[in-house]
Amino acid sequence: DAGITQSPRHKVTETGTPVTLRCHQTENHRYMYWYRQDPGHGLRLIHYSYGVKDTDKGEVSDGYSVSRSKTEDFLLTLESATSSQTSVYFCAISESPDSPRPNGYTFGSGTRLTVV
Amino acid sequence: KNQVEQSPQSLIILEGKNCTLQCNYTVSPFSNLRWYKQDTGRGPVSLTIMTFSENTKSNGRYTATLDADTKQSSLHITASQLSDSASYICVVSARGGTYKYIFGTGTRLKVLA
Chain A
1 DAGITQSPRH
11 KVTETGTPVT
21 LRCHQTENHR
31 YMYWYRQDPG
41 HGLRLIHYSY
51 GVKDTDKGEV
61 SDGYSVSRSK
71 TEDFLLTLES
81 ATSSQTSVYF
91 CAISESPDSP
101 RPNGYTFGSG
111 TRLTVV
Chain B
1 KNQVEQSPQS
11 LIILEGKNCT
21 LQCNYTVSPF
31 SNLRWYKQDT
41 GRGPVSLTIM
51 TFSENTKSNG
61 RYTATLDADT
71 KQSSLHITAS
81 QLSDSASYIC
91 VVSARGGTYK
101 YIFGTGTRLK
111 VLA
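From first to last, the protein sequence lines are chains A and B.
If you count by the working numbering, then the first sequence holds residues 1 to 116, one letter each, in order.
If you count by the working numbering, then the second sequence holds residues 1 to 113, one letter each, in order.
Treat the hints as calculated values from the structure; they're not laboratory data.
Because the structure is a prediction, the values reported are computed rather than measured.
The reader is advised that the hints may include incorrect statements.
Claimed, not checked - The calculated label-pair distances, taken between Cβ atoms and stated as ranges, are: (1) A:K53 to B:N18: 47 to 55 Å; (2) A:H10 to B:G60: 26 to 34 Å; (3) A:T5 to B:S7: 29 to 37 Å; (4) A:N103 to B:N2: 22 to 30 Å; (5) B:N18 to A:T5: 17 to 25 Å; (6) A:S109 to B:Q3: 21 to 29 Å; (7) A:T13 to B:R61: 36 to 44 Å; (8) A:K53 to B:L82: 42 to 50 Å.
A virtual CB, placed ideally from N, CA and C, is assigned to each residue, including glycine.
Construct the entire structure; sequences and hints are all you get.
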């Protein structure tokens, strides 16, 4: 997806280990978001950022932390991974909270994380 | 409570047929509504966006409608193709605050040859 890259694309990790997922953007958008997607659920917000060093919790933030030290990077950390955190994680970026532009809210390709 | 409900959950149609997906929402105050297409293993990709004053928006064979009075939207796919097989997600944005997006759980469409 143009302008937004997630890494890694796939990861398998053991329960109790720390894991960091990276979202990198080249659009210079102010807002960045981390979601998880599970069967039977819509995309659920974990954390979001509204500027460098400015972050806030979403609806499923327990067990996750984030950091944004520069505009282009938003990191999601699982301090001690659990099996319930097995999911597909998506990063999204937007220029404003409710941008009306067709491409004003775009998603990365996702990271498939498996905790065994 | 702000909610977005989509129906049906899944749908199977034959190639060349038309179909309509539904989205009902209770988000207030309303800002805009987006439809996304998500292919398996990929991130969602925007199809259309509509604001309060718009009631129809087209993108090729995809036509979205919005009735702000009844808080309903539909996505109509014309002359379906195998490549239309995907999940379609309705997302409603609310005005105010720093986070505003409410996601539906999606409709999974399968187009058969």
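Q: Mind checking the hinted window 17 to 25 Å against the Cβ distance between B:N18 and A:T5?
A: For A:T5 against B:N18, whose Cβ atoms are near 36 Å apart, the range 17 to 25 Å is violated.
(Q) Range first: 42 to 50 Å. Now tell me if the beta carbons of A:K53 and B:L82 are that far apart. (A) For A:K53 and B:L82 the Cβ distance comes to about 46 Å; the hint holds.
Q: Kindly confirm whether 26 to 34 Å is satisfied by the beta carbon distance between A:H10 and B:G60.
A: This hint holds: roughly 32 Å between Cβ atoms.
Q.
The hint says 47 to 55 Å between A:K53 and B:N18; measuring C-beta to C-beta, is that right?
A. Holds, at about 49 Å.
Q) If you check the beta carbons of A:T5 and B:S7, does the distance land in 29 to 37 Å? A) 34 Å, holds
Q) Is the hinted range of 36 to 44 Å satisfied by the C-beta distance from A:T13 to B:R61? A) Given a distance of about 41 Å, which is inside 36 to 44 Å, the answer is holds.
Q: Could you check the hint for me, namely that A:S109 and B:Q3 are 21 to 29 Å apart, CB to CB?
A: The hinted range 21 to 29 Å holds for A:S109 and B:Q3, with Cβ atoms some 28 Å apart.
Q. Regarding A:N103 and B:N2, is the given constraint of 22 to 30 Å on their beta-carbon distance met?
A. Given a distance of about 24 Å, which is inside 22 to 30 Å, the answer is holds.
The earlier numbered hint that this structure contradicts is number 5, and it is the only one.
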